[in-house]
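Engineer: Each chain is listed here by its residues.
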Amino acid sequence: MSKIKSLLSGLLLSIVVVAGVAAWILLPWQALLAVAALLVAWMLATRSGRQAGSVTHVGISTLPQRLGASSVVVIGIAGVVGVLVALLAMAEGYRQTVAATGNEDTAIVLRGGSAAEVMSVMEREALLAVSQAPEIARDADNRPLASSEIVVAANLPLRGAADEDGSVQLRGVDPVAWEVRPGMRIVEGRTFESGRRELVVGQGARRQFAGLDPGNELRLGSDVWTVVGVFASGDALESEVWADAGIIATTYRRGSSRNSITARLTSPDAFSAFKATLQADPRLKVEADTTAEYFSRQSEGMTKVLRIIGIVVGSIMAVGAVFGALNTMFATVAARAREIATLRAIGFRGLPVVVAVMLETMLLAAIGGALGGLIAWLVFNGYTASTLAGGVGQLTFEFRVTPQLLWDGLKWALAIGFVGGLFPAVRAARLPVTDALRAA
Amino acid sequence: MKYMHLVWAALFRRKTRTFLTLASIMAAFLLFGLLDGIRTTFSQLGQNADGAQRLQTGSKLSFIETLPLSLRTRIVQVDNIEAVTWANWFGGAYQNPRNQIFSFAVADNYLDLYPEIEVSAEARDAFARTRTGALVGQALANRFDWKVGDRVPLQSTIFPNADGTLNWEFEIVGIFRARDGEESGFTDGLFLLRYDYFAESTPYVDGDVGWYVSRVRDVRQADAAAKAIDALSANSPNETKTMTEQAAFASQLKQMADIGLIVGSIMGAVFFTLLLLTGNTMAQAVRERTSELAVLKTIGFSSTSVLLMVLAESVLLVVLGGVLGLGLAAIAGPALGQGSGGVLNLPPVGLESWLLGLGLMVAIGLLVGALPALRGMRLNIVDALAGR
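Sequences listed follow chains V and U, in order. Here our numbering is used: position 10 in the first sequence is 915, and no number is missing along the way. Here our numbering is used: position 65 in the second sequence is 894, and no number is missing along the way.
Because the hints were derived from the structure by calculation, they are not lab data. Quick caveat: nothing in here was measured; it's all calculated off a predicted structure. We put the beta carbon where it would ideally sit given N, CA and C, even for glycine. A hint or two may mislead.
[Said to hold, decoys possible] Beyond 10 angstroms from chain V on every Cβ pair, some chain U residues (computed):
1. I946
2. A950
3. E951
4. R972
5. D1047
6. G1129
7. A1159
8. G1179
9. M1206
[To be verified] Cut-off 25 angstroms, straight-line C-alpha distance, at most; resulting in silico cross-link-like pairs (SDA-like, lysine to any residue):
10. V/K1209 x U/N928
11. V/K910 x U/R846
12. V/K1190 x V/S1161
13. V/K1209 x U/Q924
14. V/K1190 x U/Y1033
15. U/K844 x V/L912
16. V/K1316 x U/M1096
[Unchecked claim] Covered stretches of chain V (in silico footprint by chain U; criterion: 3 or more residues with CB under 8 angstroms from a CB of chain U, positions within the stretch not fixed):
17. 942 to 954
18. 974 to 980
19. 983 to 994
20. 1048 to 1059
21. 1218 to 1226
Turn these sequences into a full structure, and let the hints guide you.
Structural biologist: Next up, the structure:
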């Protein structure tokens, strides 16, 4: 009989754990706040609630005596949350950098079927036809704000590594490119002059590669180029090096063909009309996207991979930490067995004891989660990393520890605390009073 | 060793605690197995003996630039060069332009320089006979369920066909696999098509090639050969950069991401956490057994043997959990790869990972056991028995 009973209660506990964690993940914070408010109300209003409150008070006030064991839970959970938040911050930083590159009122036109700029080829006739579309904004002199651009990969020596080359995205642009992308600004030196072998470098590219300081000369192929300025844009373009499209075309033997056109539209709403115009033109076999859409698609795959790695690693670590927390809390309960039994002997019921032990573990977990998030934020927020992106050049980006990520980390911590505390709590409440009183 | 049963009994004195600790350690080493698998695959790419023998010559300007085919006859004449082959990117994608596969157009003698690609003689014959033929890696074939004889449409993301569209069709004439599973992740995912067919069909290539691969006779003189190859086209519009395949792989991977740093910092956090959890468990176990240890000492066990027994217990605990965890990683890694349909390629846990893992287990075991063991050794019998 007792076997069936314990089997049933084990089953029930597992259901509670699964339901609790699922609710924790699914419910929005408003609902969770309501649950927390209910708990507080219960603790204040009812007799057993007040009992739970006082047992929790005793538990928490004796925590310093169990500092060693409790800090194991805290640091264990901090480790999990720290790693998780750091990995997700990498994914987030990458996504934000790439996604910030585009917006809704500029469009990028590529040859049909091209997955990325570097794979697209557009001939002169197509370039002209596209730039004459009526939806493209025009400047004061009535010239269309459309920049035909060449993207090539150039090998440059990496900073800090002797004799090692990296690949940088070298973009040849029309002079109008600066007006097409108003977010770009020169922070040092000046912009290149058309028709000369001059380069302006993004801040990210400058950090990554050696010799990209204004005034320096460097060789690309058999030609010597001069770096004349540095630009900042706060997005993926910062990892690029820019020069005059005509000169790049000569160096890389591209003739009059270009890779893509980036154009500023008269308004964000004009995009569908722009797309329709291009489709209606029988000379053109091109695809247009808003730059926002294009860049978010470029980052999609990589962000997904980074997020999956973060969550898989985090989950495995979380499982490890749950067992660690269980261990510690079982030991804590065992150490306080006599105390808890005494409470029950003088009339405290099981539920307040369960709630008290749970609250204690959740408190430790919350401290651990906050600590882990704080460490991840201190160490990794703004940490610069780079990866090969868009198939051609290195993209530098910063880890971003956002409030959302910190909140996610805290949620994980509390979930670990919930699972790690529940079983020991139930055990504490179930232990026969007489046995526990006799225990050492 | 003769006290093994004692150590064993002590280990399972509190079954719940031991199993929970084992589970923590398992989780840590499962992670270690998976991550170290990734690390070693990356570090071994191109590291085999065949890779060291091969030089890769590409454009110095950038890796997307092509080189003239005429360079081939001049490279062959360079001292110490045994054979030369060449290849070009094809940039193929299946079904969806974003579904890209590693596809190269290769010269007819390409496979001669890559003995690690195991392909049957019939398949090679068929490849030489069929203009539109293609050889595909085992993993790639599994991913899309391709069989020999299938005609597969590919879309090149870069090169148009003779008819001006980006659509190509190939007949699969053979499936190859990587020898001994080496670099299986990369090699088994390759799609090889014929360079002559490719170059004649597409208007863009003009008989240019993406890169040359040459085999050197004497590996020790490889650097000199590389310099000699680069000298051939110095100051021409097609300057080249030649590296051993090993160096080329290493520099490319470094640009992908600093794998070592990421894996290293995760492992650091994992083991720090693990050390703490296990160390705490061992400390508890010894504290609980204070009186038992005192009894042992009373009946004549020396302090050293008490020390060794506690150490043995903690090492045993970590090794047990670690071996289980690594074993799980060995099963879970390939299973995950299968489950993801070849997108994620997790290698099985290699010998190197096992050795490194075992070393770590013993080291961690000794480290976490040290304090409790010292405590046990210094135990004063009278105080311990009195419960002070």
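Engineer: Of all the hints numbered above, which does this structure not satisfy? Sort the numbers upward.
Structural biologist: 17
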